[in-house]
Amino acid sequence: ETVLTQSPGTLSFSPGERATLSCRASQTVDSSFLAWYQQKPGQAPRLLMYRASSRATGIPDRFSGSGSGTDFTLTISRLEPEDFAVYYCQLFGSSPTFTFGPGTKVDI
Amino acid sequence: EVQLVESGGALVQPGGSLRVSCATSGFSFGTYWMTWVRQAPGKGLEWVANINQHESDKNYADSVKGRFTISRDNSKNSLFLHMNSLRAEDTAVYYCARQPSAWYSFDYWGQGTLVTVSS
Numbered sequence: 008e009t010v011l012t013q014s015p016g017t018l019s020f021s022p023g024e025r026a027t028l029s030c031r032a033s034q035t036v037d038s039s040f041l042a043w044y045q046q047k048p049g050q051a052p053r054l055l056m057y058r059a060s061s062r063a064t065g066i067p068d069r070f071s072g073s074g075s076g077t078d079f080t081l082t083i084s085r086l087e088p089e090d091f092a093v094y095y096c097q098l099f100g101s102s103p104t105f106t107f108g109p110g111t112k113v114d115i
Numbered sequence: 528e529v530q531l532v533e534s535g536g537a538l539v540q541p542g543g544s545l546r547v548s549c550a551t552s553g554f555s556f557g558t559y560w561m562t563w564v565r566q567a568p569g570k571g572l573e574w575v576a577n578i579n580q581h582e583s584d585k586n587y588a589d590s591v592k593g594r595f596t597i598s599r600d601n602s603k604n605s606l607f608l609h610m611n612s613l614r615a616e617d618t619a620v621y622y623c624a625r626q627p628s629a630w631y632s633f634d635y636w637g638q639g640t641l642v643t644v645s646s
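So the protein sequences, as listed, match chains A and B.
For the first sequence, the working numbering gives the first residue as 8, with consecutive numbering after it.
For the second sequence, the working numbering gives the first residue as 528, with consecutive numbering after it.
By construction, these hints were calculated from the structure, which means they are not laboratory data.
Hints are supplied without guarantee of correctness; some may be wrong.
Below are the PhoX-like pairs computed for lysine-lysine, each with C-alpha atoms no more than 25 Å apart in a straight line [stated by the list, open to error]:
no.	chain 1	residue 1	chain 2	residue 2
1	A	K112	B	K570
2	B	K570	B	K603
3	B	K570	A	K47
4	B	K585	B	K603
Please construct the entire structure, taking both the sequences and the accompanying hints into account.
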């Protein structure tokens, strides 16, 4: 089973800064199977990116995704106050099952 | 507007059973895979199970296999999760989500329903 690692667990930024979040897989994966979500306290997760680099409906273009093989990145080009949240990467596996990373909290 | 609304969460004793439901609207329910994801208090997300459009393909996380059963009623645009032999570690908010076939991700989520397993 492929394990996803997101480190560090918390990143601190100021509004307007660029944030780069990492998601590493324990083995090479197909980028088509990698997604990113945002979750704010008390809310359901929201899909940001699918197939590693495709923005979901209604997601601002300050969010972008990239990567291949074992290393994937979610970039927020300029942090807005509403972007402070927890971000999870997610992988579709061969079982077939889905795996989430442990999450990265983007803090002020 | 796509909507998913979970219900049925409750306080249940260890070893007990519960069924949670997800009522959907605003899309053609019968043409989508559907999934359940849970989140224990203060913890991350855990995929639980998914089901294809015709109930011919169901998949489960190892942590719930043999205890939970996912099902759907396309005539009522509803998704269900039947949970048996509940354990304390099953305590979580349970979310239903829509799974576009070729996206390998979940594009719409409900607000969740809380299941608490405790004596």
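Hint-by-hint comparison with the structure:
1. Restraint check: the Cα-Cα separation between A/K112 and B/K570 comes to about 12 Å, which is no more than 25 Å; the hinted pair holds.
2. Restraint check for B/K570 and B/K603: the C-alpha separation of about 32 Å exceeds 25 Å, so the hint is violated.
3. Between B/K570 and A/K47, the direct Cα distance comes to roughly 13 Å. Compliance with the 25 Å bound is thereby established for this hinted pair.
4. Note on B/K585 and B/K603: the hinted pairing holds, with a Cα-Cα distance of about 19 Å set against a maximum of 25 Å.
Of the numbered hints given earlier, the model fails hint 2 alone.
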